[in-house]
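Student: Put together the whole structure using the sequences plus the hints.
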Amino acid sequence: MHGKNTEEAKRTIDMQIHAAEKSICRIRVIHGYNGGTRIRSMLREEYGYGREPAVKRIEMGDNQGITELVLREF
4 MHGKNTEEAK RTIDMQIHAA EKSICRIRVI HGYNGGTRIR SMLREEYGYG
54 REPAVKRIEM GDNQGITELV LREF
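If you're matching positions, the sequence shown starts at 4 in my numbering and goes up one per residue.
Hints in this document: simulated from the structure, not taken from any laboratory. Note that the structure is predicted; figures quoted are calculated from it, not measured. Keep in mind that a hint or two might mislead.
Stated by the list, open to error - As a list, the in silico DMTMM-like pairs of lysine to aspartate or glutamate whose alpha-carbon atoms are at most 20 Å apart:
no. : residue 1 : residue 2
1   : Lys7      : Glu71
2   : Lys13     : Glu48
3   : Lys13     : Glu24
4   : Lys59     : Glu71
5   : Lys25     : Asp65
Said to hold, decoys possible - Derived CB-CB ranges, DEER-like:
no. : residue 1 : residue 2 : range
6   : Gln67     : Thr15     : 17 to 25 Å
7   : Gly39     : Glu76     : 15 to 23 Å
8   : Gly51     : Met18     : 30 to 38 Å
9   : Arg75     : Asn37     : 29 to 37 Å
10  : Glu76     : Glu10     : 26 to 34 Å
Built from N, CA and C at the ideal position, the CB exists for glycine as well.
Tutor: Structure follows, in structure tokens:
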């Protein structure tokens, strides 16, 4: 998502979520950290807490610049 604003990032992520095949369990979003946290914040607001039915939960990675969207359990 480097170089994208939050609107562009959301559009890209939405397309990936809805195009994901049944075999895809997670989408790893590499949004970066040092350049700001707007995309990371947007992920929490838009996809966390059950706001997007296709996303079961979000997980923050060990790296602060990565967030995983969990679509299905293994």
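Student: It remains to establish, for every hint, whether it holds in the given structure.
Tutor: Status of each hint after checking the structure:
no., hint, in the structure
1, Lys7 with Glu71, "holds (18 Å)"
2, Lys13 with Glu48, "holds (11 Å)"
3, Lys13 with Glu24, "holds (19 Å)"
4, Lys59 with Glu71, "holds (11 Å)"
5, Lys25 with Asp65, "violated (26 Å)"
6, Gln67 with Thr15: 17 to 25 Å, "holds (20 Å)"
7, Gly39 with Glu76: 15 to 23 Å, "violated (32 Å)"
8, Gly51 with Met18: 30 to 38 Å, "violated (19 Å)"
9, Arg75 with Asn37: 29 to 37 Å, "holds (32 Å)"
10, Glu76 with Glu10: 26 to 34 Å, "holds (30 Å)"
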